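**Student:** Listed below are the residues making up each chain.
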Amino acid sequence: MSDNGAVLDVKNVTVTYETDKGPLHTVRNVSLKIAPGEIYGLVGESGSGKTTLARAVVRYLPANGKITSGSIKLSDTDLYQLPREEVRKIWGSRVTMVHQDPNASINPSMLIGDQIAEMARIHLGMNKKQARDRAIEMLTRVRMPDPESVAKRYAHQLSGGMLQRVLIATAMSTNPEFMIMDEPTTALDVTTEAVILDLIHELMADYNTAILFITHNLGVVARLCDKIGVLYAGEIMEEGSIDEVFKKRLHPYTRGLLGCVPRVDASKKDISLSSIPGYIPRPDDLPDGCIFAPRCELVEDACEKERPPLKEIAENHFSACRRVDQLQEKIERKDELREHHEEELGDIVLEARNIKKYFPFTPGIGSLFGSKKAELKAVDDISVRMRSSFTMGIVGESGCGKTTLARCIAGIEEATSGEIELQGKLLAYSVKKRPHDTLKKIQMVFQNPDASLNPQHPAGDSVARPLILLRDMSRKEVREKVKELFKAVSLPEDYIKRLPHELSGGEKQRVAIARAFAADPALMICDEPISSLDVSVQASLMNLLTELQDSAGTSYLFISHDLSAVRHISDWIAVVYLGRLWEIGSAEDVFIPPYHPYTEALLSAIPIPDPEVKQDRIRLKGSVPSPLNIPSGCRFHTRCPRKYGKICEKEEPPWQDMEDGHRICCHIPLEELRELQGDGLLKKSSAGGGS
Amino acid sequence: MGSYFIRRIGFIIITLILASIIIFSITQFLPGDVAQVILGQFATETAIANLREELGLNEPLHMQYLNWAGNFIQGDWGNSLVSRMPVRPIVTQRLVNSAMLAGLALLIYVPLGIVLGVIAALKRDRLPDQMITGVSMAFVGLPEFVSGLLLISFLAIGAGWFPANSSIDPDSTFFQSLPYLILPAITVSLTGLGYVARMTRSGTIDVLRSDYVRAAELKGLPGSQVLTRHVLRNSLLPTVTIVAMGIGWLLGGLIVTEAVYGYPGLGRLLVYGIQRQDLPIIQAGSMIVVAVYSLSNLAADIIYGMLNPRIRVD
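First to last, the protein sequences are chains A and B. In terms of the working numbering, the first sequence opens at residue 1 and continues consecutively. In terms of the working numbering, the second sequence opens at residue 692 and continues consecutively.
Same shape as in the complex, but just chain A (with noise of 0.2 angstroms):
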C-alpha cells in the first residue's frame, strides 16, 4: 500500500501522441486515487480520453502515445518507472482488463478454458492441470451455468453476456489488485447487462480489487461505482462520490450529460432533453480559458481568460468549475417544459395485420439434399396499427424480431404471411413490387450512419436522391429542397458538399434523417437511430426528430433497445419477445404496472441515473431462446420470474384488456399482477414527478 492507501495512485498525469501534425496532448493533468475494494466510474463522451488515460495507467499505449508527466503508483510499485519487461510481469497478475466487446476479445480458434487458464499458467505457476481446474472454478465463480462444457467451447457457442462472464472470471482468475473494465456492458442488451451488473456488484464482496469502470452510461455507473470521475477532453471536470455528484452536479458539463438522459417518468409531450450544444474540443485546437466555456450556459466572460483549475468544493468533491457558487444555489434540474399540444386523433397511416416471417433453416448436409426443413421463426404474428403523427415504440431484447418486423414493413424483408395497409392500401410485401408513390412514404433510418450513407457522395447528394427518384424535382427544386432539409435538420449549409468523413456520427445520422425527409414519408422507420451515439448527442436527435413530426406530421416506428429513449419519444409503446407482441399500450401505461413480467424485467434492468432510485431486482435467466425452437406454451415461460404454474407451459396466454386500449398477454389475472407489481418503477423514483 501507498502511504494514503490507495491501489492505484495516479497523479498529475499528462499523455501525449506524436502525430503528424505535432504532438496531441489527449489527456492532460489529470489525477485519481482508487482504493482498495473501490469502483471508480470514469465517464465522459466519446473523444474524452476515457481509453486513453486507461491505457496510459497500466503502460499500454500505442507506439506514437507517451506518458509526458506525472505519476502513477501501483500500491507500492511506481509503473511511471518501470522498464517494459517489468511491466508486461505486472499485465495479468496485478492489473488485469474485461475489456468492452467481448466477441471480439477472446480468440475464436482457442478453448474457453484454456484461455482462462493461461492466466493461472503464466502468472500462479501452475501446470496444465491445475490451470485448467482453476479456469473452472473461476467459471463457476461468475455464476457461469454448466461450467465444465463452457470451458470445453469455443467463443462462438456462447451469447455475449456469457462472453463478457468468461472476461470477468480471466481477469479475476489472478486475484489482481487493480482492474480496468472499459465499458464491459455497453454491447450487450438491457437485461443482460443488468445481470452482469449484478455479477460485479456481488464479486466486488469477495475480492478487495481495486476497480477503474469506464463506461459513457450514467445509470451504469449510478448502479455500481462509488465515485465518478467526469472526464471531457482530456480533463477531468468534477469528482467526487456518486451520491455527492449525482445530487449536486458542481459542473455544468455533468448537469448538461444528466439533462441529456430521458426520463422514464416524462416524455416528449411534457419535457424537451435539454442536449449540450456544439461539440467536444479536439486536444489541438482547446480553448484559452475553460475547456467547457464554449458549451456552457453559464458561461462569463472571466471563464474565457483562465482556465479553471480542480478544486475541493466540498469533503472529496472536486470540480473544476469558477462559478460553483451559482451552481450551488440551483441544484433542482432544469427541464424546458413543453406546451401540452391538445390531441386529436389522426388518420390511421399503417395497419400491419399477422404479419408473419419464417427464414427457412436447413442445417448440414440437409442443404444439399432438401430433408427435414426447420423454420426460423423471427416474426409469429404481430400485428400494429399506426396513427398520422404518431410513434409506436418497439422493444424487446436483441434477436427478439424487432428488426425483421421493421424490414417487413419496409418490403425489405418479404413477409411471409399477413397485411400490411398503409393509407388505406394494401402493400406488396416485396419493396420490388410496390408502386413508386408508395416507396416515398415509407422510409428507413438505420443504426449505423456510416454504413447507411455511401462514402464517396457529398451530404447533399445522399440527400437529393429521393428529391430526383421519387418525386420527380427539377434540378433547381432539388437544390432549393436540399438546402431546406438540411435547415430543418440544423446542418450549417455548407455541409451539403462535404463527404460522410468529414462529419461527426451524430452529423451524419442527422444527414440520413434529412435523407429520410426528403421522400415526404408518411411512415418513417427508426431502427436503433441513435444507439450508437454519445448522450448529448442522442438526446438532440429525440429532440429533433420531435420537432420534425409536429411540423411534419410524419409517424414513426422507432425500434430501440433502450427503453429510457422509447419512454422519452413514443406515443405508443409495444414490447416484442421471440416473434410476438407481449404488452402494447400508450408509453405512460406500459412504464404504469400491472404490466407484463417481461416488461417489468426490462424495466427493472434500466439503469437510471440518479443513485436514489431503487429498483426491483428481477432478472431473466439466460437468453433468449433460438427463434427455431421456441418453448411450448406461453413462450416466455422459460425464463419468466413471475410463472405462474403448468398453465404457462402448456398452453398460449391470452389477451387482457385494460382501459385506453392497453393489453397485456399473460396467463397472471390483472388483479393479481397489480398486486405482484405494487406500485412499479414510478413511484419510487424521487426524481420528482414528471407531470
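No lab work stands behind these hints: they were computed from the structure. All values derive from a computational prediction rather than experimental measurement. Built from N, CA and C at the ideal position, the CB exists for glycine as well. A hint or two may mislead.
Which stretches of chain A does chain B cover? Using the computed rule of at least three CB atoms under 8 angstroms from a CB of chain B, they are [said to hold, decoys possible]:
1. 287-297
2. 351-359
Pair ranges (Cβ atoms, derived) [stated by the list, open to error]:
3. Leu803/B - Leu286/A: 33 to 43 angstroms
4. Leu676/A - Ser915/B: 50 to 60 angstroms
5. Arg817/B - Thr77/A: 46 to 56 angstroms
6. Glu86/A - Pro929/B: 46 to 56 angstroms
7. Leu803/B - Asp206/A: 51 to 61 angstroms
8. Pro294/A - Arg817/B: 36 to 46 angstroms
9. Glu375/A - Ser716/B: 19 to 29 angstroms
10. Ser915/B - Asn175/A: 22 to 32 angstroms
11. Leu803/B - Lys66/A: 57 to 67 angstroms
12. Ile412/A - Ile713/B: 55 to 65 angstroms
13. Leu286/A - Arg817/B: 30 to 40 angstroms
14. Pro145/A - Thr932/B: 35 to 45 angstroms
15. Pro929/B - Glu85/A: 28 to 38 angstroms
16. Thr932/B - Arg353/A: 42 to 52 angstroms
Away from chain B, derived, C-beta distances all over 12 angstroms, residues of chain A [claimed, not checked]:
17. Tyr17
18. Asp101
19. Asp114
20. Glu118
21. Ala205
22. Asn316
23. Tyr429
Since the structure of chain A is provided, determine the placement of chain B on it from the hints.
**Tutor:** Same frame as chain A, but now just chain B:
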C-alpha cells in the same frame, strides 16, 4: 465436421462431372477430324469411315460422352493418337514427376514465405518489412524464363552445382531425381514465395490488430506465446487457401519452367497434346489437373476447418 466433409466431397463430385463435360465438349470443337488425324493425310474415304464407325464417332454426342466418361472412370483412358501407346501410364508418369517438383517447391516456399510474412507483419512499415515486401514482389514479377535462365547460368553453368538440364529418366527414383529438381523448384518458389509471404503478412497484420491479441498481451503473455498461441492459428487461414491454389498451379500450369529445364511434367505434356491434337492426352491430362485442383482445395478446407472452430464444430 462430418457433414461438412461429406458436403464438400459431394461438391467435388459435381465439379468433376461438370469439368468432364466441359473438357469433352471443348475437345469436340478442336479443328480436324479424329479419324483423319489418326490415319494421316493420305487415307482413303472408306478407311476413315470405317475408323469413325470403330471409334464410335458416328454415335450421338451424349453417347460418345457417356462412353468416354464410363471408360475413363474404369481406368481405360484410351490410346494416344500420335504414339498409339495407352494414355494412362504416360499421364500418371508425368503426374508423378509434377508431384515431385511441386512437393519440393512447396517444401521450400511455404515455410519460408510464412516466416518472412510473419516477420514483415511484426516489423510492419519498418526496414525488414520493406525489404521482404519489395524483394518478394520483384520475384513475383520476374518471368520464370528469366529467373530460370539466370539460375542456370549462375548455379549450373557458372558454379556447376546443379545440372542445367532436368530431363530425368522415367525410371529414376525421387532421390536420384533430386539434384535435377532443385533448380526448377527454386525457380517456381521465387514466384510462390511472394504470394505466400504477402498473404501471411496481411493476415497477420489483421490479427495483430484484433481485440483478442490486445487482450492476450494485457494478460501478460510473453510475446512469443502471444504469437504462437493467439496470432498464428488465426492469421494463417488465408495462407492455407493461397497454398492450395498453388498446388493446382504447380501440377498443371508450370509450362514455362518445365520448358526451360526440359522437365517432363504434366504441363508440358498438355501443351504437347494440344499441339498434336492428341485428344485422349488432352482429356486425361486436363481431368487430372481438375481433380488435383479440387482435392487440394478440399485439403485446404479441411485444414481451414481444423484451424477455425467456427467451421469445424457444427
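**Student:** Confirm or reject each hint.
**Tutor:** The hints, checked one at a time:
1. 287-297: With 0 residues closer than 8 angstroms to chain B, the segment 287-297 of chain A misses the three-residue bar; violated.
2. 351-359: violated (count 0)
3. Leu803/B - Leu286/A: 33 to 43 angstroms: 51 angstroms, violated
4. Leu676/A - Ser915/B: 50 to 60 angstroms: 59 angstroms, holds
5. Arg817/B - Thr77/A: 46 to 56 angstroms: Taking Cβ atoms as reference, arginine 817/B and threonine 77/A lie about 32 angstroms apart, which means the hint is violated.
6. Glu86/A - Pro929/B: 46 to 56 angstroms: Violated, since glutamate 86/A and proline 929/B (Cβ atoms, about 36 angstroms apart) do not stay within the stated range.
7. Leu803/B - Asp206/A: 51 to 61 angstroms: Since the Cβ atoms of leucine 803/B and aspartate 206/A sit about 52 angstroms apart, the hinted range of 51 to 61 angstroms holds.
8. Pro294/A - Arg817/B: 36 to 46 angstroms: With Cβ atoms ~41 angstroms apart, the hint holds.
9. Glu375/A - Ser716/B: 19 to 29 angstroms: For serine 716/B against glutamate 375/A, whose Cβ atoms are near 41 angstroms apart, the range 19 to 29 angstroms is violated.
10. Ser915/B - Asn175/A: 22 to 32 angstroms: 26 angstroms, holds
11. Leu803/B - Lys66/A: 57 to 67 angstroms: Violated: the Cβ-Cβ distance is about 37 angstroms, outside 57 to 67 angstroms.
12. Ile412/A - Ile713/B: 55 to 65 angstroms: 38 angstroms, violated
13. Leu286/A - Arg817/B: 30 to 40 angstroms: 33 angstroms, holds
14. Pro145/A - Thr932/B: 35 to 45 angstroms: 37 angstroms, holds
15. Pro929/B - Glu85/A: 28 to 38 angstroms: 33 angstroms, holds
16. Thr932/B - Arg353/A: 42 to 52 angstroms: This hint holds: roughly 49 angstroms between Cβ atoms.
17. Tyr17: Correct as stated: the minimum Cβ-Cβ distance to chain B is 17 angstroms, above 12 angstroms.
18. Asp101: 6 angstroms, violated
19. Asp114: 8 angstroms, violated
20. Glu118: Glutamate 118/A not clear of chain B: closest Cβ-Cβ about 6 angstroms, inside 12 angstroms.
21. Ala205: 25 angstroms, holds
22. Asn316: Correct as stated: the minimum Cβ-Cβ distance to chain B is 30 angstroms, above 12 angstroms.
23. Tyr429: Per Cβ check, tyrosine 429/A is outside 12 angstroms of chain B; nearest 32 angstroms; holds.
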